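First to last, the protein sequences are chains A and B. The first sequence begins at 1 in the UniProt record's numbering and counts up one residue at a time. The second sequence begins at 1 in the UniProt record's numbering and counts up one residue at a time.
Calculated from the structure, these hints are not laboratory results. Warning: the hint list may mix true and false statements.
Intra- or inter-copy, both count: the list cannot distinguish identical chains.
[Unchecked claim] In silico DSS-like pairs for lysine-lysine, Cα to Cα no more than 25 Å straight-line: (1) K153 / K218; (2) K107 / K140; (3) K538 / K59; (4) K499 / K107; (5) K522 / K343.
In this text, all values refer to a predicted model and were calculated from it rather than measured experimentally.
Take a look at the letters that make up each chain.
Number of protein chains: 2
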Amino acid sequence: MSRSPLQRAAEDCALLTIAGSDCSGGAGIQADLKTFAAHGCYGMSVLTALTAQNTMEVKGVHPIPPSFVGDQIRSVIVDVKPHAIKTGMLCNAEIAAEVASVLQAYKHAGSTAPIVCDPVCVSTSGHTLLESDSLGVLLKEIFPICTLVTPNKSEAELLLGYLDEPIEISSLDNILHAADRLASLGRCSVLLKGGHFVSTMEDVRDFSGRHPSLQVVKQNIFDENMEILQVVSTGLEPRKLVVDLLYEQSGQTTAYIRPRIESTSTHGTGCTLSSAIACELAQGNSLRDAVASASMYTHLGILTAQSIGKGNGPLNHLHSVEKSTVPRRTSVNPYPFTYLLIKHTNEIWKSYVQHDFVKQLGKGVLSRESFVYFIKQDYHYLKYYSRAYGLLAAKASTFPSIRSATEVILNVLKEISTHTTFCESFGVTPEELEATPESTATTAYGAYILNVGLQGDQAKLIMALMACLLGYGEVGLWLKKEASRSGSGIVLEGNPYKKWIEDYSGEHYQGAVRMGIESIEKLVENDGPSPERLQEWKDVWRRCTELEKGFWDAAMVQAT
Amino acid sequence: MSRSPLQRAAEDCALLTIAGSDCSGGAGIQADLKTFAAHGCYGMSVLTALTAQNTMEVKGVHPIPPSFVGDQIRSVIVDVKPHAIKTGMLCNAEIAAEVASVLQAYKHAGSTAPIVCDPVCVSTSGHTLLESDSLGVLLKEIFPICTLVTPNKSEAELLLGYLDEPIEISSLDNILHAADRLASLGRCSVLLKGGHFVSTMEDVRDFSGRHPSLQVVKQNIFDENMEILQVVSTGLEPRKLVVDLLYEQSGQTTAYIRPRIESTSTHGTGCTLSSAIACELAQGNSLRDAVASASMYTHLGILTAQSIGKGNGPLNHLHSVEKSTVPRRTSVNPYPFTYLLIKHTNEIWKSYVQHDFVKQLGKGVLSRESFVYFIKQDYHYLKYYSRAYGLLAAKASTFPSIRSATEVILNVLKEISTHTTFCESFGVTPEELEATPESTATTAYGAYILNVGLQGDQAKLIMALMACLLGYGEVGLWLKKEASRSGSGIVLEGNPYKKWIEDYSGEHYQGAVRMGIESIEKLVENDGPSPERLQEWKDVWRRCTELEKGFWDAAMVQAT
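Can you build the whole structure from these sequences, using the hints too?
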């Protein structure tokens with residue numbers, strides 16, 4: 001699936017994080033890079049400090065020399081222009097000042113990349129990650145160049161305390177006041193995260209009643225008209241909520257509310273959220289939408305996390321991505337799906353396209369009985385085959401797909417008339433053709449295709465039609481190639497079946513083969529199958545390949 | 001889609017890289033973490049050195065104090081047990097020795113995690129990344145605890161030169177000799193990468209002829225019986241090949257051959273390959289299979305890369321993953337797909353389930369004409385509805401799904417007989433019911449469902465059947481809830497439509513609703529839709545919701 005939304009974004013969207021390292025992988029640039037990847041973005045990371053830590057504790061911190069932090073940032077931005085920048089742990093005042101100065105210069109030079117600052121002060125496990133003399137640098141040098149700052153309760157309290165406006169945040173009113181003050185003092189928008197205290201739906205209704213301009217975004221909360229979901233799941237409104245408050249520079253305030261989760265998988269939550277917001281902003285979303293998507297991403301990261309480590313474990317950063325089932329189309333192999341089908345059925349495919357029937361036909365030694373038996377049965381098969389394309393037209397939803405199915409039917413009808421002439425050259429009259437009893441092999445194959453058409457969608461029916469189209473194309477090309485190779489025994493001149501070989505190796509038929517291959521590759525590209533669906537398609541392809549082989553087996557039995 | 005292969009792996013599989021940082025994101029632990037994520041693994045990373053670099057050059061290196069490297073590794077392994085370990089840039093002899101000593105102790109303590117060593121010596125841009133006095137530590141202290149070592153041509157030459165066995169690798173015979181020597185001296189398996197020199201298919205055939213025990217794995221190379229792909233694409237066998245040679249401790253040798261790609265997107269290729277191998281080993285694959293998958297992953301990473309930066313750009317690490325279209329099921333919201341459908345059609349859904357028809361019915365003031373009109377048309381609709389389940393049974397492929405479709409039909413047939421009794425209580429005879437002309441709204445809705453059933457697969461037909469099932473469930477629950485709320489105006493006692501409300505809010509019908517919701521959630525969980533398919537499902541759901549509303553609109557017109 002070459003251009004899923006994930007991959008499209010990856011090509012257009014470079015993100016830079018400037019933060020610390022968490023060697024245990026749950027927080028810091030590790031969480032940032034995972035979040036960038038999950039959003040399909042290209043991640044870059046400048047390190048400000050290393051920590052020796054795990055899910056239980058921070059054992060040590062190794063700050064990077066400020067000048068080397070600056071060198072890293074400059075190395076990145078002179079070469080790859082980030083579409084958004086996120087800052088995390090800045091460790092001390094010197095590093096914070098260096099980061100501020102390089103980013104200010106970058107902004108001065110014309111960069112419009114939004115900057116999201118997660119003012120990391122203390123780790124989830126309680127370790128101080130920012131020396132207190134750095135708060136002034138954050139507030140005065142970094143916040144003003146930021147699109148958004150994302151403090152949690154204690155960070156907001158620390159910052160306002162530093163500004164001599166001490167506050168203890170314990171209500172929605174406090175949150176609003178704190179966000180307002182920080183936004184005003186820092187000249188940036190503020191997302192004040194409410195993960196560290198509990199609200200109820202009553203609190204929200206009450207608060208919202210007193211602030212009529214407040215926008216409330218409900219996340220994973222069942223709304224009116226979702227009674228069926230409420231009853232089926234745990235019941236009514238969740239009792240405990242988390243409320244994050246976004247205070248924008250415009251003064252617009254948005255509350256994001258969602259059920260509170262009791263979980264120990266919260267290591268790196270702040271890093272993840274701010275990185276996800278940066279991704280959403282880099283992709284051109286508004287601040288309000290960016291926060292909505294990013295907080296759902298983070299919420300689901302906690303909800304779907306498996307326990308890792310003995311303390312506060314990491315989020316699941318990969319809940320929103322899946323493995324592709326088919327490789328992307330590339331210049332080296334533009335047909336990865338067809339390649340995969342053939343590889344998957346290698347033996348049975350070979351026993352079909354290099355069947356004794358084919359080899360003997362190529363050498364001109366195939367018995368007349370076998371060939372005549374085959375063309376009589378093929379006549380019946382082509383009825384099923386053209387009807388299947390009629391069914392395909394009935395399943396179509398666009399005029400081009402109705403047209404292409406119909407053109408195949410017209411081609412088969414034309415083929416039938418040359419078929420009839422061809423048969424006459426082998427002494428088989430049209431009446432005899434029509435009167436020939438249908439073999440079991442023919443019924444099995446023809447009815448199987450129509451059954452797939454009844455059961456599945458267009459895609460599945462197309463899969464059932466491919467073994468015939470592609471297999472005869474392969475046979476035609478192979479015979480032609482072997483005929484040109486001395487010593488192969490395959491000959492065209494003097495071969496009673498020369499016309500048959502020429503038909504299937506000829507430009508007209510091969511053009512149809514190319515169109516068929518292109519159509520299934522496009523189908524997979526546009527509608528990438530789940531593992532289950534891919535398996536279904538492979539099964540249909542394999543069954544048809546077997547039935548094709550059976551068709552020639554039956555013809556060969558005639559010669560014995 | 002809660003348990004795609006990617007996510008399953010993420011929960012079971014922790015990987016540790018011990019390497020340098022490339023702030024520009026293409027190599028080092030950044031490439032490693034991206035590769036781990038793309039393989040669905042949980043990534044952890046211990047830093048040995050930072051670089052200030054970009055796609056053009058390495059501007060500076062900041063080595064980490066060896067003791068702090070050791071602290072990081074110990075922090076990780078006392079808490080989270082990695083399923084595989086990869087080492088990359090080790091910078092200098094002291095760091096290499098520290099890494100060796102901690103890993104040796106870990107192995108001594110019983111760890112069986114495979115270790116893959118990428119003996120990084122020089123960057124793609126030409127910068128020395130390992131001081132030469134470290135080669136001895138690599139060879140004597142690290143290689144012997146490794147499952148695999150992955151040198152490229154120049155690294156293999158440096159290592160053998162250090163061991164006084166100078167060699168210049170320029171042929172497949174050289175490669176084999178070098179791999180053999182390194183494996184023997186380092187007591188580990190060796191993958192010698194041939195990216196830095198060109199081979200041809202002739203070379204491979206010739207080499208393979210002289211080494212009959214050699215296994216040759218063709219990657220992205222068209223095989224015999226793939227004539228149709230060769231003709232359709234660029235043609236014959238690729239002229240220039242890359243050959244990687246795996247020399248296992250057992251003596252078994254495998255050559256991985258694939259087309260050579262001319263690309264500047266090769267920054268971090270070695271890091272990516274060794275990380276991908278570590279992921280495959282951690283997931284329990286054999287060394288031979290691990291190398292096969294990992295080299296295809298890396299090959300496609302180069303092939304699908306978009307140009308990033310001004311020099312040798314990074315690979316595309318995300319070519320093998322896609323964004324999920326539906327969030328995973330969680331305890332907070334076990335019905336993410338149904339939630340999404342209702343959110344997606346919020347207004348039309350509300351205008352259906354809180355239709356004036358419903359409100360008036362709940363208040364007991366709905367005109368008799370409207371209700372009678374409705375139940376007569378509903379009688380016709382239920383014919384389509386049960387036939388649609390017949391079609392669903394015909395599309396099924398398992399007995400349980402045949403059974404569940406059939407049970408719905410039997411329920412409808414039973415409903416029809418109570419329906420008839422109910423109609424009689426409103427003075428409508430069975431003959432009158434049958435003779436009522438079908439309205440346009442009924443035909444539109446009924447025929448639409450059958451058309452979806454003709455056109456699509458089981459899943460699409462199920463989507464078409466849900467708006468009815470779930471909507472009436474919602475109406476029933478909502479009316480029941482409102483009836484229990486004083487002042488809502490909705491009443492049960494004395495309401496001529498009491499039985500109707502009780503039927504749809506009752507346990508029997510609500511049980512069917514729960515089964516319906518569960519079945520579509522399972523469907524999405526097992527067969528996660530592509531964006532295109534999800535859009536199709538949403539369109540069908542929306543259309544049916546509109547047609548349901550139209551059905552009641554038509555009934556209300558009767559009252560005017």
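Status of the hints after comparison with the structure:
Within a single copy, K153 and K218 get their C-alpha atoms as close as 21 Å, which meets the 25 Å cut-off; across copies the closest is 57 Å, which misses it. For the identical chains of this complex, K107 and K140 are intra-copy neighbours only, at 16 Å inside a copy versus 50 Å across copies, given an alpha-carbon limit of 25 Å. Taking CA atoms no more than 25 Å apart as the test, K538 paired with K59 passes in neither setting, with 52 Å inside one copy and 51 Å between copies. With identical chains, the CA atoms of K499 and K107 are never at most 25 Å apart, being 73 Å at best within one copy and 69 Å at best between copies.
Taking the shortest alpha-carbon separations for K522 and K343, only the intra-copy value of 19 Å comes in at or below 25 Å, while the best inter-copy value is 31 Å.
In summary, the structure is inconsistent with hints 3, 4 from the numbered list given earlier, while agreeing with the others.
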